[in-house]
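**Q** Construct the complete structure from the given sequences, taking the supplied hints into account.
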Amino acid sequence: MREQLLLNVLLLRRKKENNMGILIYDNKKYTDEYEIVSYMADRQTLALPSSVLKFFQEIANAHSDEFGFGFENLSKKNATFLLVNVSMDITRTPILHEKIKVTTWSAGRKGIRYIRRTVIEDEKGEIIVNAESVWVLVDTLSHRIITKEDEIGFDLPECDEVCGDLRCGKIVHPDDMTLQGKRRIRYTDIDYNGHLNNCKYADFVMDFMPVDVIGKRVSALDIYFHSEAMEGDKIEIYTGEKDGFIYFHGVNNGNVCFDARCKLEQL
Numbered sequence: 001m002r003e004q005l006l007l008n009v010l011l012l013r014r015k016k017e018n019n020m021g022i023l024i025y026d027n028k029k030y031t032d033e034y035e036i037v038s039y040m041a042d043r044q045t046l047a048l049p050s051s052v053l054k055f056f057q058e059i060a061n062a063h064s065d066e067f068g069f070g071f072e073n074l075s076k077k078n079a080t081f082l083l084v085n086v087s088m089d090i091t092r093t094p095i096l097h098e099k100i101k102v103t104t105w106s107a108g109r110k111g112i113r114y115i116r117r118t119v120i121e122d123e124k125g126e127i128i129v130n131a132e133s134v135w136v137l138v139d140t141l142s143h144r145i146i147t148k149e150d151e152i153g154f155d156l157p158e159c160d161e162v163c164g165d166l167r168c169g170k171i172v173h174p175d176d177m178t179l180q181g182k183r184r185i186r187y188t189d190i191d192y193n194g195h196l197n198n199c200k201y202a203d204f205v206m207d208f209m210p211v212d213v214i215g216k217r218v219s220a221l222d223i224y225f226h227s228e229a230m231e232g233d234k235i236e237i238y239t240g241e242k243d244g245f246i247y248f249h250g251v252n253n254g255n256v257c258f259d260a261r262c263k264l265e266q267l
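Just so we're aligned, residue 1 is where the sequence shown starts under this note's numbering, counting upward by one.
Note that these hints are calculated values from the structure, not bench results. Relax, there's no trap hidden among the hints.
Lysine to aspartate or glutamate pairs mimicking EDC-like chemistry, simulated, CA-CA at most 16 Å apart:
id, residue 1, residue 2
1, K28, E161
2, K200, E58
3, K76, D65
4, K124, E33
5, K200, E236
**A** Given below as structure tokens:
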């Protein structure tokens, strides 16, 4: 079953050969170009936050793959990267049919955590999205964090360039949170790691927003992932507001699943 998944992913990557990303900046950065197509945008023709996260997820793997540490090769070593948290500021939201350039790089590690930074530029070369994400390397058999990178020979060129003053870390939500609703995890929510895909959490934020989003856009979004959710789980989603942010607190069978916060601004 897992071998078939690996084959499917490999075939998809080969189909992308006409739009391959490239290494730049002394091979320390990786960049690729995309277009915001219909299924990536909302009813206001704005790129969905989950679509932006999908760009980040795809280019992070493509970058690692250049050095032999993409999903396929890590799987052969019974290892995978899991996202701990992500923070992004959106100066301007990409719109339907807009072409963008996404660039990512490794910013080193702090203990067991690997730092990745990513930016999105418009066709004028202006940075419209800044993001930082934190990852851990996990053994897929024992589910334990791999503490020594030399166990699998992991090595990526590092770049210490920062991309804005982001809020990457644990999220402390307000005390007075209100149950906004519950979300059952279904088949299409699950990715090849066997659990709820990281990008889906951004859809939860939009779907359980306690205010009307028409005429507004997300200008900042932070998500912290506490525990995995599996098919059939039901997540209770609580919301609250503090200091200009809307907070989201997800609970799965009594355990904290995720925390998130976003900021809205008028279009």
